Structure formats: C-alpha cells, structure tokens
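Asker: The residues making up each chain are set out below.
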Amino acid sequence: MSNPKTLFEKVWEQHVVVEPKGEPTLLYIDLQLLHEVTSPQAFEGLRLAGRKVRRPDRSIATVDHNVPTTLEGRLNIVDQIAAKQISTLRQNCADFGIELYDVDSRQQGIVHVIGPELGITKPGMTIVCGDSHTSTHGAFGALAFGIGTSEVEHVLATQTLPQSKPQTFRISVEGELPQGVTAKDVILAIIGKIGTDGATGCVVEYAGSAIRSLSMEGRMTVCNMSIEAGARAGMIAPDEKTFTYLKGRQFSPKGEAWDKAVAEWSKLPSDPGAKFDRELVIDAATLVPYVSWGTSPGMVAPVTANVPDPANAATEIDRKSFERALEYMDLKAGTPLAEIEIDRVFIGSCTNGRIEDLRAAARVAAGRKVSSHVSAMVVPGSQQVKAQAEKEGLDKIFREAGFDWREPGCSMCLGMNPDILSPGERCASTSNRNFEGRQGRGGRTHLVSPEMAAAAAIAGHFVDIRTWEVREEVTA
Amino acid sequence: MEPFRTLTSLAMPLDRTNVDTDQIIPKQFLKRIERTGYGDFLFFDWRQTPAGEPISDFVLNDPRYKGAQIMVAGKNFGCGSSREHAAWALSDYGFRAVIAPTFADIFYSNAGKNGIVLVKLSEEQVDELLKNASTIPNYRLTVSLEAQTVTDGRGFNASFEFDAFRKFCLVEGLDDIGLTLRHAAELDTFEKQHDAANWLKAK
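Here the protein sequences come in this chain order: A and B. Each residue of the first sequence is one higher than the one before, counting from 64 in our numbering. Each residue of the second sequence is one higher than the one before, counting from 17 in our numbering.
In case anyone wonders, no lab produced these hints; they're calculated from the structure. Wrong hints could be hidden among the right ones.
[Unchecked claim] Here are some chain B residues pointing at chain A (derived, C-beta under 7 Å): (1) 38; (2) 47; (3) 100; (4) 121; (5) 126; (6) 193; (7) 206; (8) 208; (9) 209; (10) 215.
Keep in mind that this is a model prediction, so the values were computed, not measured. Yeah, the Cβ is synthetic: ideal placement off N, Cα and C, and Gly gets one too.
With the hints as extra help, turn the sequences into a complete structure.
Answerer: In structure tokens:
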C-alpha cells in the first residue's frame, strides 16, 4: 500500500473542514451528546450571543449525572439545585429543537451507554460530549472525546471544533486473557503500567488478539478509561463483532443503507504498515485481576499483592503523593489487598453498567449472599439494560443475594445524586475514578471489575476471583 | 476573555501530583447553571473540614500566599473530569497562570478558553520553583506569554513552549466561535458534501 494510514488518521481526514495556516485544524463533529451538568452555560452563551444550534439533528440529550436511582426519588427530585439543572436542560432542548431522552423515557440512561445501544454511535464518526468518558464510543472505531462547556457551545453553534492533531499510540494486547481477567483488568493494567499521564496528547488505538476477542461491552470498558491514562481518545478497529452489535438497532441504517454503511466502515481499520508515533505490546498471559489501592487510577496492584510501600516511590513528590493516598485510604503499606474489608459495593457506571457486566456479576452472585456488613447496589446503565436484565431474571438473582436493584443513572460513580459514600466508608466499585471524595467526601474507592466487586460483596473483603467457583450460565 | 501578556505575582506552591478536577472543584458545585461564582468552592474539600472549619495547613489558607495569581504544582495537573468549572473556579479565585511539568488535555483546553495560561516546565525546574515558593518569603514570579519565559528576578530564568495560535488568542483575548465563523463558507461547502455520508449520521 502506497500510503498506509491508521484508523485515527482515516477518521480525522474525513472530517477536516479547513486547515488554516498556523492554526488548529477545523474538525467537523458528526454527533454531540448532551447532559444536564455541562450544558446549561453553553446554551446560555448561545442566547447571549443570539446564536442558534446549527444542527439540532446532530445532537442528542439525556439526563444521567444528577438523576436519583430510586423510583420515588426520580419523580420528585428533592435537591432543588439538581432539579433546576434538569429542568433547564428540558427547556434548552425544547427551545433549540434537540431530542431529549428524559427521565421517563425508555431510552434514558447514561449518555455513553445509550449512544451505542440505540445505534446512534457508529464507526468512523466524530463524537463529542461534555464528559471525559466520551472516549467510550471509540470502541466502535469512532473518534470520540470529552470537551469543556465552552467547546460544547462551540459545537452547538458551528458543528465544528478547532483541534490540534494528536499523536497516535498503539497498545496491542496479544494472546489469550486468563480466566477471571476481564476488560476492566486490561485497562487497569495499562493505566498502572503507563501512568495517569502516560498517553497525554495521544489517541490510543487498542489492538491485538486479546482486544479483538473482547465483546463490544468489554471494548467499551477499555476505551472508557482511556482518559484515566491521559489519552485524548481510545479507538478500536470496527470488525464483524461491531457490525453484529449495531445491526437492527433503533438508529442503525437499514436495508441498502446498511450494506453501504458496512462497506464504508470496513475500510476504517489501520492499514498494514501504518505508522504510530508510539507503540506498546502487552502479553495478555501476564495479566491478573487488579484492585486500586490509592487515590489515582494508576495506583493499582494485582489482587494477590500487598499495599505498596511509599519508600519505593521513584521521586520525592511521588512518595508524598503515595503517603497522602495511603493516609486518605486508611491503609498501611504491606497489607495484603485481599485482607481489606469493605462496607459498600457499587456495580454500574459508564465503565461497567452494561448488560454483559451485570451478567458477569450475576454469575458470581447467584446462589450466594451479600456479607452482613456490606451494603451492595447494582445500577443498570440504561433503561434498556435494566429491561434486558429483568427479562433474563438478573434482578431476581441480585435481589435474592441481597443486592439493591436500582433505576439507571450515573449513581455512585461520582456522587452528584443521592447515592454517595459516608465519610470513612470503603467501597469496591466498578466505576472509573478513585479520586479523593469522588463517591462522597471522605469515601474510599477501590476500582475493580464487576466479577471482583460481586465477589467482594459476598466475602466482605477483596478476593481473587480466579479461585472462586463461578457459574457458567445464570437463569432465574 | 481578558487578554494575557505578562503577569508578575506571588507564587503559591501546591506540592502535589495528579491534582484532579474533582479536587479543584468538587461535584456538589457542578449542579449550578451559572458560569460565575465558583471561586469560593476552589479546592473546597482541601480547604475546609466537613464542619466548615478552615484547614490551616492547606496552602490556599496560608496568609503568606493571599493574592497569589500564579500556582506551581506537580505533574498531570487538571486530570480527570472535563468540567470547565475547574477553570472557572481557578479564574474566579484569581489565578491567571499555573506552572507544572504536565497538564491533562481537556483541562489544558478549558483553561485557555478562560484566559488562564498553563506553563509547562521540566520536573527539575518545577521542583526548584516549589522549593523557592515554600521557603522564600514573598516569592514572586513573572510569566511572560509574549516572551514565553518564567523569571523570578533572582536568577531563575526558564523559557517554555507554547502553541502559537493559542498564544495569539490569549494575548488578544479572542473568542473561538467568532474565529471559526471566518470559515463559514468552507463549512457550508464541507457540510453539504459530508451530509451525503449517511453512515456518519446520528439518526
């Protein structure tokens, strides 16, 4: 091939509106996803400048961050500031002609869960949202990244964004993932290895046989946490699995248009010989289940390891950060991770709130009971995930095991709604960030896979899921 | 946006790495629909106890740094969530420049749109500034965006890289949407062709 290109380069080039000399490229944006938290000031900016939304048909909105996850709570939101933010989104969508999947819609859910499941997210698109986990959509071979509110306004007004071309970074995970090692463990391992700023300024393409073997849900989990390694976006080449996932979804092309779309999407994967600015190869066989021990997603260790000693930190400032993290987490260096007792379990979020995540957790929970000193909740990522889980009887399995079964939303991933940790509480969480106070002030977050979270709920402490008997299938 | 050319100010040391946007502005303040008034909530959980008492050993509460407009911090400053509220809080509190070895991408973009200059220096240089700012009373730095230098008037002199277009926008205080609309004709033409690509449509 004369000029082999990467997946990223192909998508980028198809969206270049103009490349003014000495300025960033003006990039066309196919889709903007909107939610209640990062959009109000953008709409206000449009009003103040007397501008319109250029392409309401290329915008979709939902409510997720603030929405309570109990039925009663949703119908009457007690937090008046949150309620105002949600009603503001309603008004903005009505005024500017944007479709909103509101709290009572069958399509409502976490913005990064509903895009793919409705077939709105498609290979080759450019997708933005005022949310850093927009990288999730890269699992379909889209270029998807989080933006700030000024940029949300910019996209609403112009359907473009000025962008400097990022570097490309291919991370190949080769070989077969060992039993008990999930997509979540793959991305935690990558972040632990390259660090929280290891991919800053880069678009990461995840490749290799272990990535190809993941389901679309697993691929979304990997791409979702790209931002936790500092990456601008994460992408995975579309393949038969991608097309099978998308076929027949509400907004997927139909009939002849579908065939044409598949033909176009099939051209997207990186060409053989395409050059990346950086490359990293990881042997899948070396991966294990991981648990985060600190207050940054790079602070992870194998479940069989001990809490690390800050004395071994590379630099003085790192040592201080380690010490501070251990103090916040109330952990002592040398403690086996598997001995850490937990108070709460959260299964959900845009990282691990999809149907396959719930199935995996249910296989662990089936026929067992949540530990008497643990309070555990399962929060489906969307109404569709919830409906599917209930059809399969997963809700029954969780309830019988003692888990709380909730309504869809961001829930305890970020504590912007009533689901929060109390000070000092320790949580095994399938979410994406273990920052100080992320799940509630003084709360202590340990990031794990859905299987590991379910097992921790039952044992009352972390356990190595590889040593557990897990059911092959679950049926209610 | 207020133009930025040269700033001389007290420098406040924040000797921490991976300062994430959840710390810069905790989530409970993201429910507001306004763009202003976030300064009081900057580093809220680090600044005061749950009971509302100031935490005296947090640097923002140290009277020596009152009025500082320049912050010096560890690597990967501004990581995490895309919340522009982090930039609004810094700017509203009075910070106009942050010096660190690295910054997270989305925060970098948000800061620029709010007139905050982010200066990347090497880890060694930042270590020196952190040390100076915490030990030398009334330690002042000058950040010149025009010259792309950081100086302290007592021997420290470092130059930094800065994207030429971003510099132009900051120095002139330019609004991005207005700049993009200079290309309205190209955009119309592009969009007409691009709309034919049905496989890239949302619905």
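Asker: For every hint, state whether the structure bears it out.
Answerer: To see whether the hints hold, each was checked on the structure:
1. 38: Cβ of residue 38 of chain B sits 4 Å from chain A, so the hint holds.
2. 47: 4 Å, holds
3. 100: 4 Å, holds
4. 121: 5 Å, holds
5. 126: 4 Å, holds
6. 193: It holds, given that the least Cβ distance between residue 193 of chain B and chain A is near 5 Å, below 7 Å.
7. 206: 5 Å, holds
8. 208: 12 Å, violated
9. 209: 10 Å, violated
10. 215: 4 Å, holds
The structure shown violates the earlier hints numbered 8, 9.
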